[in-house]
Amino acid sequence: MTSSTRPLRLLGAPHLHAGSAVPALMLHSVIALLPVTLFAVALFGLAALATMVVAILACLLAERVCGPRSAMGDGSAMLTGLLLGLSLPPALPLWMVAVGGFVAVAVGKHLFGGLGGPAFHPVLVGRVFLQAAFPTAMAQAWVTPLAAGRATELPATSLALPFLSPAAPYDGISGATPLTALKGGEATEPMLNLWLGTVAGSVGETSALLLLLGGLYLAYRRVIDWRVPLAILATVAVFSAILHGHDAERFPPALVALSSGGLMLGAWFLATDPGISPMTRRGAWIYGLAIGLLVIVIRQFSGQAEGVVYALLLGSALTPHIDRWTRPRPLPEGVER
Amino acid sequence: MFGLRAGFAGGIRLPVTERSDGDGLIRQLAFAPLLRLPLRQHAGAASVAVVRAGDEVQRGQLLARAEDDSAVPLHAPATGRVVRITEQADAETGTVREIELAPLPGDTQEEVLKPALVAERCRPDELLLAIREAGIVGQGGEAGPTHLRLARARERGVRVLVINGIEGEPGFCRVPALLARHARDLLSGLRCLLRVLETDQAVLAVESPDGEAAGAMLDSAVDGPCPTLRILPPRYPQGAAELLLRRLAADSRGFSAAEAVVFSLGTVAEIGRLLGGGRVVTDQLLTLAGDGLREPGNYRVPLGTPVGFALARAGAEAELDRVLLGGLMRGRSLAGLERPITKATTGLVAVSARSAARLPQPTSCIRCGECVAACPVQLHPAELGLLARRGEVEAMVDEWHLERCFECGCCSYVCPSHIPLVQMFRAAKLQHRRARQLATAEAAA
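If you read the protein sequences in the order shown, they are chains X and L. Going letter by letter, the first sequence gives residues 1 to 337 in our numbering. Going letter by letter, the second sequence gives residues 338 to 782 in our numbering.
Quick caveat, the hints were computed from the structure, so don't treat them as lab data. Because the structure is a prediction, the values reported are computed rather than measured. Where is the CB? At the ideal position from N, CA and C, for every residue including glycine. Please note that the accuracy of each hint is not assured.
What follows is a set of in silico ranges between Cβ atoms, one per label pair, in the way DEER data are often shown [stated by the list, open to error]: (1) 113(X) / 404(L): 30 to 40 angstroms; (2) 31(X) / 559(L): 51 to 61 angstroms; (3) 696(L) / 31(X): 19 to 29 angstroms.
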């Protein structure tokens with residue numbers, strides 16, 4: 001008769017696990033963002049690198065100060081920092097980047113109860129905070145892509161001291177992104193450049209192609225629910241195609257709408273955050289549709305040039321309601337049990 | 338969409354586990370020095386002892402008779418002497434009586450035999466009675482009395498008999514063994530069930546790894562009714578009777594779930610084997626699995642054999658981490674190995690100390706919705722988990738249908754935060770049941 005020489009462990013069923021884990025999910029997201037991160041450094045040089053590094057450090061600091069000890073290892077603060085860095089204008093003063101990063105994690109995440117708690121994406125909270133606090137800097141700190149000397153020196157504005165006016169005005173820097181140009185009725189960049197990303201814009205939002213690639217990797221790895229980006233992008237494409245067909249002068253074609261601004265980053269990397277998107281598959285379709293519609297409405301019919309940030313915020317505000325509407329109904333009981 | 342076509346949404350694809358079936362080999366386990374036979378062997382009422390301490394009994398002789406309709410008789414698994422009858426703690430009823438039987442040494446284990454039955458020459462009620470008298474209970478895991486299920490199906494006017502050849506747990510290998518070694522018993526059991534149900538429509542459902550063996554088994558049927566073979570791609574837990582019926586009814590359109598009844602492959606084989614040989618249930622076909630065993634596989638184990646004895650005979654290592662009564666998805670981990678094998682046992686898993694995994698700490702829910710997508714009965718495990726943490730058992734039951742959870746384990750399996758959802762649900766169900774018992778007791782007082 002076997003009587004194990006050591007006490008048997010008592011564990012609850014099931015005794016198997018799929019092997020997925022939160023830190024691994026975060027790691028996959030970082031991997032998916034690597035191409036776009038490297039591209040950003042190539043495009044904007046030291047400015048992009050400094051922005052991302054400062055954003056990540058600020059998020060990690062906030063995680064350390066506000067979060068539980070155990071949360072440091074799960075990689076979520078690092079991902080938040082990276083995403084925030086990617087979504088900011090490259091020449092934003094670094095102290096503002098740091099404040100944004102700290103606010104994202106401290107306020108956007110831990111004030112709402114930590115991982116899984118926030119109703120809004122911490123990255124968006126950080127970005128909107130910066131937008132509200134420093135509107136001029138956020139609107140003007142763009143950098144001309146592939147500028148000479150980008151690898152060796154930081155834009156003067158990056159090193160501006162807190163609350164002092166920037167050492168140099170933003171005038172040495174490219175004035176407008178493709179979207180602001182569109183809004184102003186100016187000629188837009190060639191389409192290919194928009195997809196490749198060799199245009200002015202936020203650190204990591206310019207290359208639609210690389211973001212798409214990273215997003216597809218996440219969908220393939222089943223880190224994200226593919227329904228969300230598909231619904232958003234399809235809605236944006238269809239809606240803008242209709243508008244373009246109606247008035248080609250005023251509204252850009254679908255391919256431009258898809259490749260510009262923060263749409264790709266938002267659709268694949270922000271909207272898909274499990275915490276702010278609906279839990280059901282049917283809900284994911286509704287959520288994506290709503291965000292897609294909001295993006296175009298805000299871009300085309302409001303004073304804002306870019307609509308992704310606010311569309312995502314409004315979309316995640318809908319999430320609790322969508323979850324209620326699409327609440328799963330238990331399988332009816334059969335005759336046979 | 339997909340869910341409707343497949344009859345139910347959710348479920349999971351388990352990784353393919355190596356099955357140690359050795360071409361369907363079934364090994365006979367020797368008698369342990371002492372067999373312990375609880376009078377409650379299965380779901381339903383306990384039976385009533387008809388022997389006393391000191392009685393000599395022969396293998397197959399009646400030990401306890403069934404008084405309640407939901408009981409079946411219990412027979413001696415070995416020729417030997419009744420040592421004593423004890424009271425043992427029982428989770429459901431407080432205590433249950435248990436017969437201790439010491440088998441005679443040596444191989445003088447001739448069975449008491451009854452006349453063999455041939456389905457075609459018996460009336461349905463005779464067959465029903467014979468099934469009950471043989472002490473047969475369901476072999477699919479739920480272990481309800483077979484005669485009861487069959488009688489109810491007959492009353493309902495069931496048109497289609499579904500034979501469930503889907504392995505209930507990863508790593509179990511009873512299905513290939515039954516298909517390879519018990520083809521004749523399966524076919525005669527099938528004829529018997531069809532005769533009682535007065536129909537000739539049967540479906541045999543297996544998952545693709547067993548498709549070939551099932552085809553070969555059916556080819557061996559020379560005369561009589563032949564079931565339609567349905568080979569399903571593997572998906573856990575489609576072997577649950579309710580889900581299987583939905584699955585089959587959804588894409589065959591030949592019948593509705595209400596018109597069919599499910600019997601597991603093991604039950605059908607048992608009916609054929611016992612009735613055809615005039616025998617009664619004296620042992621149980623089990624898969625002994627896990628990396629803690631040197632000779633895992635299928636074993637025919639005498640009822641009452643202690644778990645530890647069975648594991649030792651299958652080459653258990655000295656250092657075990659866990660022993661599961663049942664399989665990896667739904668099995669209960671045991672604190673001790675004295676517990677006897679009953680008619681409700683379908684397998685054991687011995688996990689070696691070598692592969693003892695450190696349990697990841699649960700972290701907070703990230704609301705990813707994986708559990709919602711995985712739940713085969715379309716509950717909301719994440720919401721139920723939050724309510725369980727807050728102790729809101731009433732809301733779990735009344736608003737979120739906790740009672741529909743059959744603890745398949747899919748939600749815990751997919752949770753990236755390693756939240757022990759199934760355990761929380763079990764605890765909540767228990768708490769709810771206790772509260773209700775207390776309430777009825779108070780109302781009565």
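We went through each hint and held it up to the structure:
1. 113(X) / 404(L): 30 to 40 angstroms: With a Cβ separation near 57 angstroms, residue 113(X) and residue 404(L) fall outside 30 to 40 angstroms, so the hint is violated.
2. 31(X) / 559(L): 51 to 61 angstroms: Roughly 60 angstroms apart at Cβ, these two residues keep to the hinted range, so it holds.
3. 696(L) / 31(X): 19 to 29 angstroms: holds, 27 angstroms
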